[in-house]
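Enquirer: Chain residues, written in single-letter form:
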Amino acid sequence: MAGDPSTGEAVSSRLAWLDRVDSSLLSLCLASVVVVLLAGFVQIRYGDFAMTWGEAWAAVSDPNVLFSVQAWKGFLLGGELPELSNQSLIVWNMRIPRVIVAVFVGMNLAVSGAIFQAVTRNELASPFILGVSSGAGLAILLTLVALPGVTIAIPLFVAEFQVSTSMLLPVFAAVGGVVAFVIVYAIAWKNGTSPVRLVLAGVIVSTVFGSLQRAMFFFADDLGVVQSAIAWITGSLTGTDWEQVRMVLPWSVIALALAVLAARQLNVLLLGERTASSLGMRVERVRFALSGVAVLAAAASIAVAGIVGFVGLIVPHMVRNIVGSDYRKLIVGCLFVGPALLVAADVGARLALPVQIPVGIVTGLVGGPYFLYLMRRQETMGEI
Amino acid sequence: MSDERPSLADGGSQAVPPSSSSQRAGDSVAEDDESERSTDANEFVGEDIVVGYPGSEEPVIDDATIRLPPGEVTALVGPNGSGKSTLLAGLADQIAIDAGTVLLDGEDVHTLETKELARKLGLLSQENVAPNSLSVAELVSHGRYPHRGVFDSLSDADREAIEGAIELAGVDHLRDREIGSLSGGQRQLVWIAMVLAQDTDVLLLDEPTTFLDMHHQLAVMEIIERLRDEGDVTVGLVLHDIEQAARYADHVVALTDGEIQARGDPETVLTEELLRDVFAVEATVEATERGLQITPLAPHNG
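Respectively, the protein sequence lines represent chains A and B.
Numbering follows my numbering, with no gaps: position 60 of the first sequence is 56.
Numbering follows my numbering, with no gaps: position 279 of the second sequence is 445.
By construction, these hints were calculated from the structure, which means they are not laboratory data.
Small disclaimer: the values here were computed from a predicted structure and weren't measured.
Beta carbons: idealized from backbone N, C-alpha and C, even for Gly.
Treat the hints with care, since some could be wrong.
Some chain B residues near chain A, calculated using beta-carbon distances under 7 Å [said to hold, decoys possible]:
{"hint": "1", "residue": "Q260"}
{"hint": "2", "residue": "T280"}
{"hint": "3", "residue": "L289"}
{"hint": "4", "residue": "S291"}
{"hint": "5", "residue": "N294"}
{"hint": "6", "residue": "V295"}
{"hint": "7", "residue": "Y311"}
So here's chain A without its partners, still in its complex pose (with noise of 0.2 Å):
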């Protein structure tokens, strides 16, 4: 072999690599929690209620708050909160929770797009690849314009429960995801399957859902219905509080673990189907399980935030392009900026114009130019 370095230089240099990865993530990680803090931070101060940042700050950091018990279990139980502030409590009760959804839907997300983007081997996967927009996109349609305001009452043996649909909606979304999510398998499968099918099989569920999807927009009657239904299929998190914490946590911690703790797998699955098998990995069952996964923090993250855009595509992307493809550090680095972007992108959709767009409007149109500058900076792309 040509150009055998000494074994000083070989051992500097490899320090010099381990060094620099890890400080890499490490900054990165670093770098996203600022954001989310500063950014969560301009959240909390602004809005219809006005506050001085001493104000905000006190309202944040208030004892009767941080140190109550009644207070953490009525945030995230649900039940009677304590006596507060005025600015506690809106502080508490309608920014704070927010902004943490913005949290759990950015990881989630951005695992979700991760993991795609591992199974199907190609870099422009996004969480919705296998079709989970256009199953959660007609099941909120069929929701609102089929059900429009009725309260559905389940007997239970102790007491009546009373569903109303917007209660129901976003089980309903993240059902009607998961559902498309099958079909798209389903279809795909012939003697197993492979990234082109399961793509393949991804359009063809989205096309024929997405016009069933925008043939029910006809039957809705009321601009109320039609502007609900926008939101949800464009991605808000407008009037989110704590139930939409305690909506989104359970899951999103199972599908977080289980991604972090199936790394390994989606680095072995890169290499591509048959060295994967002659590895000794069942590919399908593999690739299966890990895209229900991902489905099932896509459907987490829809159920609580709508069909948010963009954030499972690029966040992947910006991760890869600074930690590498090693799936233990993607993954890593994809639960911390995609926080920083969803909670930044949720200050633009919130606070920059007279009325709140949905976030999904502004990851559009941050994750467009970011793109648009990735394609001319980059040779390839498509595959990792």
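Here the structure of chain A is known, so what remains is to put chain B in place on it, guided by the hints.
Expert: What follows is chain B alone, placed relative to chain A:
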């Protein structure tokens, strides 16, 4: 191997007598007894293998029986489209075979769990892809996949196997490089290191030297030679270069149209007749002190 005469097909008839499996098993035992290299390596046998692709009537491999003697190197040669890669993939249980059995140390590979099989049998395909930013050491460490549980980190045994593989493949100086920065030849050596790290009893390599420059071809074959000298691994490889097969393999199996035409020592298999009948090449074959020298002269027509 004195009982194995190269049997040349005449007029496309079945060259290999369809022996009953019991008879074949008897043969192998006898051969093992007289084998000079007594090793703990495993024998790898495919019996009456039929492999087809869905949608095509004709099977790609039609009733082929192949035996890789333990601890030795067997080369598969044959023209393009003769089914060498398909046979290899069928033997490695990477594509489903339509008929036949594959026995690894007497055990049917189809009954083995996938990871268990991957601990015993390694296959390196012809074209391999890896993310460009992956480091060489990382890629080699993926060879330990079948030895690790889902949540296991690298054990000392894993690290030892990775170091051994990196050393044997001669890629130590590349270990921190990114795959994307390597030449095709270097990449191939790294992939071989990965499959060596798998630490299997049987190693199947599909055209490991094709498209490589001379330096890297020799580097690859040197690895094969070391495996042959150590004798712990049963090696089967597809080669396009017949001279390489003659020089490095203990046994040569020649394939055309999915059928085995000849098998045996390089000297007995690689004859001028075989080159004409199997490869459609007029060539001269001379025995020299460096093994067979094969000089292709002209394509043989008709």
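Enquirer: Taking the hints in turn, state whether each one holds.
Expert: Going through the hints against the structure:
Using the Cβ-Cβ criterion of 7 Å, the hint placing Q260 of chain B at the interface with chain A is satisfied: the shortest such distance is roughly 6 Å. Among the interface hints, the one on T280 of chain B holds; its C-beta lies about 5 Å from the nearest C-beta in chain A, closer than the 7 Å criterion. For L289 of chain B, the shortest C-beta to C-beta distance to chain A is roughly 4 Å, which falls under 7 Å, so the interface hint holds. For S291 of chain B, the shortest C-beta to C-beta distance to chain A is roughly 5 Å, which falls under 7 Å, so the interface hint holds.
The criterion of a C-beta within 7 Å of any C-beta in chain A is met by N294 of chain B, whose closest approach is roughly 6 Å, and the hint holds. The interface hint given for V295 of chain B holds, since its Cβ lies 5 Å from the closest Cβ of chain A, which is under the 7 Å cut-off. With its C-beta approaching chain A no nearer than about 4 Å, Y311 of chain B sits inside the 7 Å limit, and its interface hint holds.
Of the numbered hints listed earlier, not one is contradicted by the structure.
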